[in-house]
Amino acid sequence: MKALEIKNLYFRYDKETVLENINFSLEDKKFMAIIGPNGGGKTTLLKLILGFLKPYKGEIKIYGKSPQEISELIGYVPQHTNFSLDIPITVFDIVLQGRLKKGKFFYDKLDREKAEEVLKTLKIEKFKNRKIKDLSGGQRQKVLIARALVSEPKIIVMDEPTSAIDPTGQKEILDLIENLDITRIVVSHDIKILLRKVDKIAFINKKAVIHEGPKLNIPNDKHFCEIELIEFLKDESCGI
Amino acid sequence: MWDLIGNSVYAGILISIAIGIIGSLIVINKATAITGSIAHGSFGGIGIGIFLGVNILLSTTLFTLVLALLLAVITIYYKHRSDSLIGVIWALGMSVGIIFLNLTPGYNADALSYLFGNILLIENGDIFMMVGVDLLLLISIIILYNRFLAMSYDIDFLKVRGINGSLLYTYFLILTSLTVVMSVRAIGIILILALFTIPPLIAEKFTRKFYQMMILSSVLSAVFIIGGILISYFYDLAPTPVIVILAAAGLFLSMLKKD
Ligand SMILES: Nc1ncnc2c1ncn2[C@@H]1O[C@H](COP(=O)(O)OP(=O)(O)OP(=O)(O)O)[C@@H](O)[C@H]1O
Ligand SMILES: [Mg+2]
Numbered sequence: 035m036k037a038l039e040i041k042n043l044y045f046r047y048d049k050e051t052v053l054e055n056i057n058f059s060l061e062d063k064k065f066m067a068i069i070g071p072n073g074g075g076k077t078t079l080l081k082l083i084l085g086f087l088k089p090y091k092g093e094i095k096i097y098g099k100s101p102q103e104i105s106e107l108i109g110y111v112p113q114h115t116n117f118s119l120d121i122p123i124t125v126f127d128i129v130l131q132g133r134l135k136k137g138k139f140f141y142d143k144l145d146r147e148k149a150e151e152v153l154k155t156l157k158i159e160k161f162k163n164r165k166i167k168d169l170s171g172g173q174r175q176k177v178l179i180a181r182a183l184v185s186e187p188k189i190i191v192m193d194e195p196t197s198a199i200d201p202t203g204q205k206e207i208l209d210l211i212e213n214l215d216i217t218r219i220v221v222s223h224d225i226k227i228l229l230r231k232v233d234k235i236a237f238i239n240k241k242a243v244i245h246e247g248p249k250l251n252i253p254n255d256k257h258f259c260e261i262e263l264i265e266f267l268k269d270e271s272c273g274i
Numbered sequence: 154m155w156d157l158i159g160n161s162v163y164a165g166i167l168i169s170i171a172i173g174i175i176g177s178l179i180v181i182n183k184a185t186a187i188t189g190s191i192a193h194g195s196f197g198g199i200g201i202g203i204f205l206g207v208n209i210l211l212s213t214t215l216f217t218l219v220l221a222l223l224l225a226v227i228t229i230y231y232k233h234r235s236d237s238l239i240g241v242i243w244a245l246g247m248s249v250g251i252i253f254l255n256l257t258p259g260y261n262a263d264a265l266s267y268l269f270g271n272i273l274l275i276e277n278g279d280i281f282m283m284v285g286v287d288l289l290l291l292i293s294i295i296i297l298y299n300r301f302l303a304m305s306y307d308i309d310f311l312k313v314r315g316i317n318g319s320l321l322y323t324y325f326l327i328l329t330s331l332t333v334v335m336s337v338r339a340i341g342i343i344l345i346l347a348l349f350t351i352p353p354l355i356a357e358k359f360t361r362k363f364y365q366m367m368i369l370s371s372v373l374s375a376v377f378i379i380g381g382i383l384i385s386y387f388y389d390l391a392p393t394p395v396i397v398i399l400a401a402a403g404l405f406l407s408m409l410k411k412d
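Protein chains in written order, with the numbering used here: chain A, 35 to 274; chain B, 154 to 412.
Read the hints as simulated data drawn from the structure, not as lab findings.
Partner residues are not named here, just some residues of chain B that face chain A (Cβ under 7 Å, in silico):
(1) Ala303
(2) Ser305
(3) Val313
(4) Arg314
(5) Glu357
(6) Arg361
(7) Phe363
(8) Met366
Below are the PhoX-like pairs computed for lysine-lysine, each with C-alpha atoms no more than 20 Å apart in a straight line:
(9) B:Lys312 to A:Lys95
(10) A:Lys154 to A:Lys143
(11) B:Lys362 to A:Lys165
We put the CB at the ideal spot given by N, CA and C, even for glycine.
With the hints as constraints, model all of the structure from the sequences given.
Set out below in structure tokens:
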């Protein structure tokens, strides 16, 4: 069964069409990168996959089910990390939130163990009892990744998980994503993601152009130049 | 002396428990304007109650519950314009109250007493309502603590986890409106907002966990309220303003602490 299947997807906010005829699918445990210009519709696409938004037309299936039906198995790392920082809440509290689900109100021993484990994997266990406010932007981003992973999702959706992170941290996070044994969909502004072992790439700017991995050779790929693409791709890769 | 202030001290403690819970949630959810809107809007329920000659706690409870639901719809579906719409509800409730008072024959000194309240004149009926609301708040926070905390930090994430964040937020506003109603006679419409938010604002600076914030807010508001009751009793002053001035002094003192 496909991890993700998007067919004839259209979306509009009020009168503005933001996504037009998007079609692609992704196999289980594969890694997909989504790139595209600001306002291209990347975050919108992720929100559709998460079931926050409903398609105007077309359909989205995740492991054969609708996003709403399967939300528990999706992990999500949002684009913006500056939530209400003044709240007295610790890193550990936030990570544990990933263990909440319908009908579950209290955390048990297993939840705490899982949270500890993820904190270790992301190398932020020493911040466990810190107030979230007292972390740097990059550290906060890792906390949100931990919150997404702690639910042991089958598919994880990340919206620019490395945007606030320094080069060393970016490498760490991309290494981690690369080695995760689940389905991954990662939006990034950073073209370096394409140098990773991505299985599929979507360029999204209202329409989508899909490229199948494993090795991508941008300069020679005429395909990418056919629709409005990111400026630097036009300049550097297509010679337009 | 205890005969005279005993009831108000009990009321003060019961209100403090509620402020610790609901006030802290109001502050961390940035729902101050919404609370102001519910508190001031509740005047509509008071006006209707006086006009119809029915139990005022009852009419105010029903009226503020309607306001809470309207405000929930506004914050969930009209987020981008919520600040203005919250102001509209605020004014609408007060206007309804004034119109119904106009329609009521005779002079209604009673209505004015709700604007500033008087904790020294609290009655048994008020105490019963406070006990009931406090129990509901305690049970709710024990069961929903983790959900409320997650909602306050990032409400969208609840949706990812398959939990209905909008419903939870609506429930939070319902609890807020019940707390407002139970405090109206003691604190008064105009100063409820200050009293609900100052203790949590202070507590927030000194705590690392949300439950600590709630407990500290309760203790602080008990200190301010009981202090205010004693001062106003001995110097024959209106209690609510004294309580608010004490609390504000506490807030300014706490601001000396750097983050
Ligand atoms: N809530 C909204 N209401 C109306 N229009 C919106 C809304 N959110 C986004 N848009 C519009 O939809 C388009 C796509 O936005 P989206 O956030 O999906 O872009 P993006 O590719 O994630 O951009 P970025 O790289 O800046 O994050 C933009 O033109 C934006 O103005
Ligand atoms: Mg975006």
